[in-house]
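Residues per chain are reported as follows:
2 protein chains.
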Amino acid sequence: MVQYVYDFSQGDMDMKDLLGGKGANLAEMTRLGLPVPPGFTITTEACREYLSLGTEPGELRVQVTMALRHLEDAVGRQLGDRHDPLLVSVRSGAKFSMPGMMETVLNVGLNDASVKGLAEESGDERFAWDSYRRLIQMFGATVLDVPAAEFATALDDAKKAARRATDVDLTTDDLRTLVATYKSIVLERTGAEFPQHPREQLDLAIRAVFDSWNTDRARLYRRRERIPQDLGTAVNVVTMVFGNLGDTSGTGVAFTRDPATGKPGAYGDYLPNAQGEDVVSGIRNTLSLDDLKHLDPLSHKQLMKAMRRLETHYRDLCDIEFTVERGHLWMLQTRVGKRTAGAAFRIASHLVDERLITEDEALERVTGAQLAHLMFPQLDRSSERTLLTRAMAASPGAAVGTVAFDSAEAQAAAARGEDVVLVRRETNPDDLGGMIAAVGVLTARGGKTSHAAVVARGMGKTCVVGAEALEVDPVARTITCGDVVVHEGDSLSIDGTTGEVFLGRVPVVPSAAQRYIEEGLDAALGGDDGRAEEQSGEQGVDDDTADLLRAVDRLLRHADARRRLRVEANADTPDDAARARSLGAEGIGLCRTEHMFLGERRALIERVILADGPDERSASMDELVPLQREDFRGLLDVMDGLPVTIRLLDPPLHEFLPDLTELSVKVALADVGDDEPDPADLKRLAAVERLHETNPMLGLRGVRLGLLVPGLFALQVRAATEAAIAQLQDGKDPHLEIMVPLVGSVQELHLVRDEAERIVADLTAAAGVTLDVPIGTMIELPRAALTAHRIAEAADFFSFGTNDLTQTTWGFSRDDVERSLFIKYLENGVFTISPFETIDADGVGRLVRIGAEEGRRTKPSLGLGVCGEHGGDPESIHFFHEVGLDYVSCSPFRVPIARLEAGRAAVSSDGASATA
Amino acid sequence: MVQYVYDFSQGDMDMKDLLGGKGANLAEMTRLGLPVPPGFTITTEACREYLSLGTEPGELRVQVTMALRHLEDAVGRQLGDRHDPLLVSVRSGAKFSMPGMMETVLNVGLNDASVKGLAEESGDERFAWDSYRRLIQMFGATVLDVPAAEFATALDDAKKAARRATDVDLTTDDLRTLVATYKSIVLERTGAEFPQHPREQLDLAIRAVFDSWNTDRARLYRRRERIPQDLGTAVNVVTMVFGNLGDTSGTGVAFTRDPATGKPGAYGDYLPNAQGEDVVSGIRNTLSLDDLKHLDPLSHKQLMKAMRRLETHYRDLCDIEFTVERGHLWMLQTRVGKRTAGAAFRIASHLVDERLITEDEALERVTGAQLAHLMFPQLDRSSERTLLTRAMAASPGAAVGTVAFDSAEAQAAAARGEDVVLVRRETNPDDLGGMIAAVGVLTARGGKTSHAAVVARGMGKTCVVGAEALEVDPVARTITCGDVVVHEGDSLSIDGTTGEVFLGRVPVVPSAAQRYIEEGLDAALGGDDGRAEEQSGEQGVDDDTADLLRAVDRLLRHADARRRLRVEANADTPDDAARARSLGAEGIGLCRTEHMFLGERRALIERVILADGPDERSASMDELVPLQREDFRGLLDVMDGLPVTIRLLDPPLHEFLPDLTELSVKVALADVGDDEPDPADLKRLAAVERLHETNPMLGLRGVRLGLLVPGLFALQVRAATEAAIAQLQDGKDPHLEIMVPLVGSVQELHLVRDEAERIVADLTAAAGVTLDVPIGTMIELPRAALTAHRIAEAADFFSFGTNDLTQTTWGFSRDDVERSLFIKYLENGVFTISPFETIDADGVGRLVRIGAEEGRRTKPSLGLGVCGEHGGDPESIHFFHEVGLDYVSCSPFRVPIARLEAGRAAVSSDGASATA
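Sequence order for the protein chains is A and B. full-length UniProt numbering numbers the first residue of the first sequence as 1 and each following residue consecutively. full-length UniProt numbering numbers the first residue of the second sequence as 1 and each following residue consecutively.
Looking at chain A on its own, in the form it has when it is part of the complex (with noise of 0.2 Å):
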């Protein structure tokens, strides 16, 4: 027999699979003695079970029955007693947290009867009729699916009615009124009463939860979040306490340590006579812990020893809901807390101080999605700026953007290319969208945990709430601050670290984190050069930033003494270079020489390939190469005693042509006019048309134009080999490398290499010097990869270039799908993430694969490497590092999160290696 049902006796933190978190966290905090109103269980199983078979599987019933039985025989009292009531909490809780995405249910077994049992035990009468306000219209609302609106609308009526400001102010009348409409709404809307009988309003709970995880909302928020579709979401039953029973209880919310900032010492929102949804929601707002101390001191005291206790146990942030009954604590739910970027490091550094756990470990409790965002720049506090208000900082970093005051404006305003504040009184699941497609979001209502907050967080997405100064008007589509008035459309810059809103667009300049990662510890402490003193007038930075950049240090640190990995940057200038060797880079993993040939010089390189001959071709490739030479050997210079890697030049063609619509139109209008169309014009647009590409993307590029243009790939070898030599008889010790693109087949490379090794000969004999030269290729085109076996033969390196190699496994050009159909494919779930972002490790990452073990398998020695964005992105630095790649090389700034992750990556495949 399958056991769907578990007490809280039975579980452990372990079991998140079967149990879900919280059922988990539920179960952990039963053994360890923590104060858990008795509860159990349902399996994620048998909500699989649910969902495949539609119906409840048969055992389950049962199994509910006497879980019942055995909860009743410990509280002491019958679900729906008539006199005293065991109430209960339904509650969704999946393996993976989807905050305010699935349903809940409080206060079942509430009825008619019972209703009065429960006045007269709690001796409110007030509370038991609130209270069973609350279940019909939550059950209502999340069983029945009673419009919520109908009910908050009959509340509103109620209030007005009975001339109630609040909620609060509501009497015992009112209330009993109440119930009284809203019971007649679910009759009217369901054609059925309002259940009465306990049980069946537990078992259609239930039912709920389980529907819940399928709804279009729960879908697209694990699509987002990358959770798989298919785990369900388990049950927990849950004796009910009560927060709202007078002065003395209350609800909250709380944080062993700060998840804002990182800084010790526990943190938390708490409302006093009030239940848990209040908190959440943000509707009200709240008091502090200290507040409570004053208040309660025996709770508080009970709740700091808990924490205390779970934090020990866990070795990590919890964050933690509890109630307070009638001055008795309750813990309702633990879980390992979610930080901001900053936070992450800090309190894994401090946890490694107080020996909770190791380096290694703290390795893994911070991401390179959080150093970058540790990175982003921020708001520039010099230039001249309009403050509108002052609200809480929820999710760091800046945002500029246009308001957008709902979902849709929002992703449509991101669709046409404008970055996007996306601006609400608070949000609710529904606003998901918004926040995905905004850089930045704004409330005007709910505190650091609301769920404005706590998404924006999770994402990663600048985000300021509780901005009450502010008035929203979605329907006007204007906020109102006193006499300013800010329109849809109009610019707004939010701070997520400082939590200030200021009018139109505020420059954005470099933070702390970035300017440690460049110009290193010392200098971003405003410590021992006094560099930044001068620069910024500033005298260093306060203490919490400098915990924070030392935790960052150390972490790196240990992520390079553990990485395999080496990490090297993509740069075609000296100053790039120079920067991304600052930023840890060892070495050049690719250089576009094709970006050498901007501005001025792209007329030369339009000559070579216009050229109606070999000698006005050779002219031009005469003034290329001394210039080319210099431009090697500036990053020789820089990346001394490192490798360089030239890659040959991998022009789409068009690019160095100029456009065949513009030309058309000004030979066309020069046609009809008085001038006669300039003959160079009308020669190069012959050439132009001669020359046009449908597919530039797949056209003459890489190898095929060096095949094709005669001495092209020549002169560049040559320039970069001059270079090496300068360099070498400068006393230098250049590692230069030279990479061919776009290769498909071993011939081309061959045809390639030949040539290249015979100018390295002879300049090398010439100079009477040596000079090792390796020569490699891009793989970046599938048959690249699939003949990889071949293509070993002639090279000393492979560097995959994921991005063309996902443009051509995919089918897709970039340019042109990107931002039209990519909407689309991750709202309709064919992506959880654009493959151009992390590498799709099924089609893309099966390719490399396969390049790089069976190139391997020719040549054990062969260099393994990859070129593209993916290099910098966290999941697929992970990938590569499984795959058996020797280096990424990415843009400069993404240089230490690669450090990073490649460290983490080496942890975690030790740990898998370990456990296995």
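Any given hint might turn out to be false.
Same chains, same label: a pair holds when it works inside one copy or across any pair of copies.
For lysine-lysine, the following DSSO-like pairs were computed, each having C-alpha atoms within a straight-line distance of at most 30 Å [claimed, not checked]: (1) K824 x K338; (2) K824 x K683; (3) K666 x K683; (4) K116 x K293; (5) K116 x K301; (6) K305 x K338; (7) K263 x K293; (8) K859 x K666; (9) K338 x K183; (10) K301 x K338; (11) K159 x K263; (12) K116 x K859.
Don't read these hints as lab results, they were simulated from the structure.
Using the hints provided, position chain B relative to the given structure of chain A.
Quick look at chain B alone, frame taken from chain A:
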């Protein structure tokens, strides 16, 4: 010890890898007791060793010495002996025939002393000096790299000085002087005397043959013919026999059957008093074998007997080189002979009749390429034509094009997109590039066994040779024929079946084989139904044609009986479908519905795509449904009882939108003119700019457009299902299948499939009928193949779209690179053949294999086919058979070719597995 040298008595015909074709066949003839001059063969292994070491392997010299001693003993003469010299020829002989590509040196062993011995022994002083003269000329050019023209000029000068009309008129004294001149040319050019030592001559000649393996022209030939570059050549050292010892001597080339028509009976060319090179080079015009019968009945009888023996032994057409030396017949070479397409079919069928081979073997003797060749259209006999001359038909077909006089011009004109007829006095291996580029070849000199004829037949190019009425002047770039002068760039039409050459461009009509294929044997023979008579007014076909058609019919029927692959057709109209069915297609494997939206209907699709909203869109769609329904009914009706695979719309977006450049020019011109630009044009321009794609090949196509434009695919599924229901209600047997294009991820297919299944279910339920509509997908992106195990979950069948799969796997836009790049790539050996013509087995083919195997692993019942152009390509069909596909779908014209090759593939894989 490795055996590098084999006496002719040691080898046999199965040793071609080691002894080359010529050596193995000489050994075989020796074994059969035919009169082969004694000699020995140096192995291909020796050549490979030589080429890799850069010098002869040590053992080789010793083994040659021993073989030479054995030879001298056998013939009782010493190499280069001053009294009675043994002379030898040194001939290349690779595994695969490479006519004219490699070196031969005759008369090795002659020097200043032995020439006198030869004169005495032969009693013909002039012959001896002429032989010596030939040795120096051949040896000088091929071994010593003296430009051949210098000897030719010296010969011409000698004739002029002595006032002799031809070579034959030169006297002994003339020749003695000429030898002196030749020797001084050698001295001047090489700085050394012509080598007098016989063994030195032999060793140098062997080395020259080895070296000739790697000349550029040999490498190019092998690439063109797909002969591996690393085989090496064998070298045959053969006792010289002389066809130039007066009128009782001669030399010839013969075939056991007519290689041009396949007619039974020996056939050949004979030149009295000549050496072998004179026949092959086509310099002198030849006699027939009948002439030989009159001249030398005994030798003729021996030759006939030898040829019968060979044909019975080889069970195939053999070609032979022979020499008669003073009435004694010597067999110098034999091999299975090349033949025209028509001859291949007739010979294979005759050999079955003669019980020499089985029908399976007969199938292996013909190819789809040959069948295609037979189906080539011919010049229209009924049109106005101006006959320029009539010459020898060397390779059949009709070629119409502009005249080019050399390879450079032929290649340049072909690159411009012109059809070219290459016109030469005679061709030599340097003309190979031009022959590849041309559609037809015409020479003024040479016979059916000349270089031009042999090579053109091998390539399947139309060729006419020996047009002696034409005076070809490659310097003036004119052909003069009486009063008529044809210039480069003028057009000619040549008929390779009749040998006729016409001025200008003659219209082209179907061949008899084509007529047979389309209308059946009786109709093509002009028989029973009399339709041929009515239409053409002719009384059937001639006997040769009738015999050919019967042979084709027999082998096609046998192929149908043997093949495992079904053959379907790509067809978009009922006419195409009907044609395909008459050609034997067993269904429509691909209906490209985008082809149904050309002309007037294009506007409808443009409106659907550019629609401002759902209303505008659905109005256009409502117009489309009935049109599409009738389209599909037409196809289902013609293909009643057979599958009709409807591929949902796969337009490159730009093909259905106005051209951006044209529209921009139009609007710009209207702007500067008196009129305002048309507002409709402005609106369209805005839309086209918005939807303009940089790489339409990789843009919003296929399933992507289907998922982006709501209702687009639904309308097609609806129309197709309604069509099938209507057919069903008419008592027909429709087999509708729906195919989704450009799928890269199983999710895309799920989305389309879910919608399509709903539509089919709704429509069939409403109509009260049962209809099974398999839904499959194209596999035309690398990712689709790589994730086939997932995609198979949602597919009933896969159809590999190898055109697009080739484009994406190689990253080639066919439009852009096929003309510009591929000529270069074929030239420099990156390709042996365009991957769009024959499937690239290593790259694209590997994806097909992965897709097929892994798709079937998920779903064993998965249907597998191919619908790219490769579906009609002979070599590719063998690959698809081997990979285990169920069907190929190709253009209607190629259906018979595919049937034949599918049969051949089955025979050959049965043979392979029987052997294995």
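Each hint tested on the structure:
{"no.": "1", "hint": "K824 x K338", "result": "within (29 Å within a copy, 59 Å between copies)"}
{"no.": "2", "hint": "K824 x K683", "result": "between (43 Å within a copy, 25 Å between copies)"}
{"no.": "3", "hint": "K666 x K683", "result": "both (13 Å within a copy, 21 Å between copies)"}
{"no.": "4", "hint": "K116 x K293", "result": "neither (34 Å within a copy, 130 Å between copies)"}
{"no.": "5", "hint": "K116 x K301", "result": "neither (34 Å within a copy, 127 Å between copies)"}
{"no.": "6", "hint": "K305 x K338", "result": "within (21 Å within a copy, 97 Å between copies)"}
{"no.": "7", "hint": "K263 x K293", "result": "within (20 Å within a copy, 112 Å between copies)"}
{"no.": "8", "hint": "K859 x K666", "result": "neither (54 Å within a copy, 58 Å between copies)"}
{"no.": "9", "hint": "K338 x K183", "result": "neither (39 Å within a copy, 95 Å between copies)"}
{"no.": "10", "hint": "K301 x K338", "result": "within (24 Å within a copy, 101 Å between copies)"}
{"no.": "11", "hint": "K159 x K263", "result": "neither (43 Å within a copy, 108 Å between copies)"}
{"no.": "12", "hint": "K116 x K859", "result": "neither (82 Å within a copy, 61 Å between copies)"}
Checked against the numbered hints listed earlier, the structure breaks hints 4, 5, 8, 9, 11, 12; every other hint is satisfied.
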